[in-house]
Amino acid sequence: MNEFTSILLIIAALVLQYFLSSRSNAYLGAIVPVLFVSWLTWMFATERIESTLAYVLFLLIGLLFLSQQWSYGRKSYRKRSQDELDKMKRHDIK
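Every letter in the sequence shown is one number past the one before it in our numbering, and letter 28, counting from 1, is 28.
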C-alpha cells in the first residue's frame, strides 16, 4: 500500500471515529478502536509487523488518536444537545 492510500485510510478512520462518537449512543465509538486493535493484532500474528516494540507503539499511538477523536465527538454531541435544550427553553419563555 503506498503512502497516499495509507494517509487516506488513516483520515477516513479518524473521520469515521468522530462521526460514530458524536451519535447519541456512546458505544458506537468503540467500533473503530476494536477494528483497529483486531487489524493490528492480525498484522502482528501474520508477521507483517515483526517487532513487538513496533506493534505496541502503533497500538498506543493509534488508540491515542482514536480516543482523542472519541472525546471530540462526545463534546460535540453534548454541545448539540445543550443547544437544542436552550432552543426549547427559549421557545417556552416567549
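Derived by calculation from the structure, the hints in this document are not laboratory data. Just so you know, not all the hints are guaranteed correct.
Subject to a maximum C-alpha distance of 25 angstroms in a straight line, what follows is the list of computed DSS-like cross-link-like pairs (lysine-lysine) [claimed, not checked]:
#, residue 1, residue 2
1, Lys79, Lys89
2, Lys75, Lys87
3, Lys75, Lys89
Each hint, compared with the structure:
Note on Lys79 and Lys89: the hinted pairing holds, with a Cα-Cα distance of about 15 angstroms set against a maximum of 25 angstroms. At roughly 18 angstroms between alpha-carbon atoms, Lys75 and Lys87 fall within 25 angstroms of each other, so this suggested pair holds. Restraint check for Lys75 and Lys89: the C-alpha separation of about 21 angstroms stays at or below 25 angstroms, so the hint holds.
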